[in-house]
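Visitor: Read off the chains here:
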Amino acid sequence: MPRASWHLDRRSFLRGAGMALALPWLEAMADASPPAARPKRFCAFFFGNGVALPGRNQPTYQDWHWFPHTDGADYRLTRSLEPLAAHRNDMTIFGGLSHPTSRLLVGHNTVDVWLTGADIRLNLHNSISIDQVIARRYSSQTRIPSLVLSSQGGVGTKSRSTTISFDAQGRAIPAESAPRRIFERLFEPPTEGDRAARERALASGRRRVDFLLDDSRSLRNNLGRPDQQRLDEFLQSLSEVETRLVRSEEWLGRALPQVNRGAINLDVSPRGPTDYIRTMMNLIVLAFETDTTRAAAYQICAEDGVGICDRFPSILGIAGGGHHGVSHGPMLPWGRYDRYLAEQFAYFLDRLASIREGEDRLLDNTMALYGSGTSTTHNARNYPTILAGARNLGLRHGRFIKQQAERPLGDLFVTMLHRFDVPMRSFADNAGEFSEILARN
Amino acid sequence: MVIVRRLTLTWILAPFALLVVATALCADEPIPYARVAPLFQKYCYSCHGVEMAKGKLRIDKLNPDLVNGKDGDHWREVHDRLNFGDMPPAKAPALNKEDRELMTSWLAQERRKASLAKNQATHFRRLTRTEYERTMQDLLGLAIGFGKRLPEDGKSKDGFRNDGDALRMSPLQYESYLQIADDALAEAIVSGAPPVVHRYRLSVGEKHANFEVTPLPRPADRPGESFEYNAKKGKAFRIWNMSAPNKDKDKDINKVWDPHLAPSAIRRFGEAAVQMPERCYAFGFHQAYRKGEARIKVRVARVAPGEGADATRLPILTLALGSTNFHGVELATIGEPIVIDHTEYRTYEYRVRMENISPPNTGPLNDKNSAVVAAWNSAKAIKGEAKPPRLKIEWIEFENPYFETWPPATHANILFAKGDMAEQAYAREVIRRFAERAYRGPISPGDLDRLAKYWVKARSSTGALEESLRDTLGVVLSSPRFLGLPASRASGAKEHLNDHEIAARLSYFLWSTMPDDALRRLADQRKLREPAAQAAQVRRMIQDPKAWLFIEQFTEQWLELDRLQRVTVSKSSYPGFDEQLAAAMRLETIHFFGEVLRGDLSIFQFLASDFTCVNETLAAHYGINGVAGLKFRKVKLDEAHHRGGVLTHASILTGLSDGRDGHPVKRGTWLLKNLFDETPPPPPPNVPELNRENPKVKNLSIPQALAVHRNTAACMGCHRKIDPWGIAFEEYDAVGNWQRDGVGATLRKRRTSQPIDAKAELPSGVNVDGMQELRKELLRTKSDDFRRAVLRKVMAYALGRSLNLGDIEAADALVPALRERGDRLPALIELIASSEPFLTK
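Quick mapping for you: the protein sequence lines, in order, are chains A and B. Terminal number for the first sequence in my numbering: 441, no gaps in between. Terminal number for the second sequence in my numbering: 1841, no gaps in between.
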């Protein structure tokens, strides 16, 4: 196997690590580790304005209807999703999923809730997005908790946010859009000042948690048995918090993976969308490959004509004006743009499939969600949704799963979270779980 | 006026799910073993006895004492077999229905007893989200919605959210506590010079051009420099002058406008878009205020009512803060609306924590992404009113962060004046005072030593004294001693709570927060153990505004008011139903409970009363005249209203409907479970739900459809004991309308031609027809059951745990005392608070 450009130099790794306690898994260091111990990654790709869904009597119906015409394992991809044909066995297409409380809202709003499922009918208080739940789960095991990207960057305005990630308090997380800066943040060492501040914060966090553990133990000794069991839950939680802090401290002393700058074209701009989108995807791949982070979210195009991404179709020579204009226009140009976006997603899956992790492909350890929060523009039901990869996380693929009646997307999210060892029973307003995507064993 | 659209009317048959229950038991009189022993002998022993032990089971050897015996699992097996009807086998002598029912009822009764007895009492539990928020607010003096940052708490099987079994802890949750503590202390304890203060005034003029926002200078008596935008006028602010042009068609905004605000309301659209009220004054900042207290002052007057105006109609000032978004604004109303009855200008002041307002997105601010202050006249608009009540606004001022002194009071409350104390002694004293309040009792010298040691370490690694104290107090706010409530002792023996623990238990019971100074003082003086002193405190606490927390949470959780939100009311059947009405329904029941509690009334008012609590929205729904305004008040009911007691509250009737019709099974189950503590068993697995589309029942009325199913043998046993109670509610529709006459009857005619059938034969054999007779029957025969149920529910809430057998017995033992004290609700609270389970751990 050729040596990857970013392959770790064992000596620099150890030098940086100091004492190598409970190191998280790194492909470069542990080719022999069993698949179960491999890091699990998640990424989500969003595009706005829905997809072309021509009616039965329209001439474009057969070829340019985003959803296949029949469900189950024998579905046939239309031209809209044809670029994904090679990954058919690594992906599942879903029909009839949506967030219940948003179904009656004007579709564009769903950009804010696509990954959160929050109820924003009365006000725009949002809640945590699924990528951030996963990021929190693994934050201590990687150098940075998550990548939050969008073609436009920043947060935009509420209900047309230019980010799809929201923190635990429901605040929009600013998205990064400049490839060079993203690369530098990922692979160049922090300044001394940043590092010292981070060290201080971690040290004081450790001191506090140590104290609380002692305090709880002494309290525990004075309790009756049933009460001790209750307090044990506090103690276990605190120990886990402590473990995370310890790991975070270890990361500070760890050398960065050496990545060849030339491997990625960082001099791209959204004005050349294809190169730009692929560079952003490559950054995610590289961050996953080096286990720099395990959660990523990328808003490829915003909703409702917001931002530079609205111009992507016209730059590509697709008639109909901006992306939002295209989504209100005839089906054929719109379908072509759907196909274009599918090509980009296929590129991402190609890249993941081409990278080995031991016996497996990086794709097998990565769950990729691709979709929009509207079916056609303004219609917040039947989200176009594809879930790919993550075979080692127990997903079973190869089907178009269509619902008879609209079903909460939260069902799928809860089951996805379980695959990431997050034992949440509910996410937003899910009704249950989505065991249909799990491999039977 | 109800518009009946006969031709366009579409019938939406909301899914009607009827649970069919196959087991037969609902606790009546306790069944002694002696009554069932011969039955087991007759039907079971021949195969599971001395001569034969099929399946290695000898029922004759099973210990009939399920509480202390060890045969619980075998009995469960016997119970299941009998329930499913696969024992005795077909070839054995048939088991008649009555005998089977008696045996299964006895088993259910004994198994319940055993499960209660084995449930050991736990005392330690973490604070609920609400309790945590209130406690943090009281402890720190910061009115911030801290709880919003925590996940929602679980619910116990009895519906209570303060049940320790449902209050879990996780690493993510613990991290949130650590973070909230840091953020809260950063607000409460300050260091350094006062921050720059943003102070602005929007002046209102008669011409659009006169509307302007100007920075205000620093008042002489207050610290903190004013901030000034260095942007040109108009750049940093956006002004919404939404008063009316003098002539509607006159589009020239530079002409004279009518600066007086006519009544208007926030406008909502189908999406999450909220628009400014049609007539209002507002200004937006290109600056997001995310933290700290804000003070807003509004100078307003009423426009003198002219000739021919209705002088009793008054304008109402409403103020809101919020943010713009892509397509509208998001506004949170601040404080209560104020009725303006004066024609000279007066100033009103509002305070609000910016943390509680949803701020605009971070990032560059612009017209679509800015913070907004808005004021308008929220009096009810009456269509076609020639001279509506109007509001004059002279100006609106905004100031953030607002503080009168520096350091602010929140700081001085914790970091008292140091004087000439040595730093170490001072820090120790600060920590001690804070920890004793946070831990709701004295701190042991050992515990204090450890905290002091922690502070020393923190001090050596930080620059300022304040920072090291924030760090140390952050530990206090993350300790299980703060996050959890009183716990048992290791000895395992039951012991009496000490005075401070009593204070805490009382305070979390009735206020959902920490004890106040008065309770703490009494505890310091060891007076809370005295029954008279304790009773006096209970009475004081009930009248305190903080008791609203008990009133609201207990009522909501006891009577399952959250069902109201889960029902989708059919818009076509009930065009008048909306969110505002639903909110009013919920509040009626809560205010009603408050009235019974604070008005020293009998708990039997819940079953039948000659009053209720309504605001204008609900009064209109009920057809009660003469109620204006959104405030709830007690109103007298007469017979024509067909109301009284919670059974006729629209909140209950709607929550127990399918959105189109009342749901007798839900209503019956609810009545038994919550008012009589006789929870019917859940339907066994594999029993299908009744589909109302089924041709067999499609054309039947609900009682008829129920009867069809009740009469199948498998379901009859239990449904016979549930359905009749619910059928008696049939006089009320899915939104609580009385449907024998009036509006309810009109609406019903559109849904069905079936006559109302509220006749039911209760399990006792007594026949009732409708609510009036049902109530009479409940009062006549079930009053002790009701007393017991309320005592148990309050006990469970007061203890924060699912009751075990001892708790239940203690609650039940209070029945005679309650009767003696006229069944008054405050007396009931006193009895619970002085009961053995409440005072021990």
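Note that these hints are calculated values from the structure, not bench results. Do not rely on the hints blindly, as some may be mistaken.
Here are a few chain A residues that face chain B, going by a calculated C-beta distance under 7 Å [as the list claims (entries may be wrong)]:
id : residue
1  : Asn-123
2  : Ser-127
3  : Gly-153
4  : Lys-158
5  : Ser-159
6  : Asp-227
7  : Phe-234
Values in this document were obtained by computation on a predicted structure and should not be read as measured data. Cβ coordinates follow ideal geometry from the N, Cα and C atoms, glycine included.
Visitor: For each hint, tell me whether it holds in the structure or not.
Guide: Cross-check of the supplied hints:
no., hint, verdict
1, Asn-123, "holds, 5 Å"
2, Ser-127, "violated, 10 Å"
3, Gly-153, "violated, 9 Å"
4, Lys-158, "holds, 4 Å"
5, Ser-159, "holds, 5 Å"
6, Asp-227, "holds, 4 Å"
7, Phe-234, "holds, 5 Å"
Taken one by one, the earlier hints fail for this structure at numbers 2 and 3, listed in ascending order.
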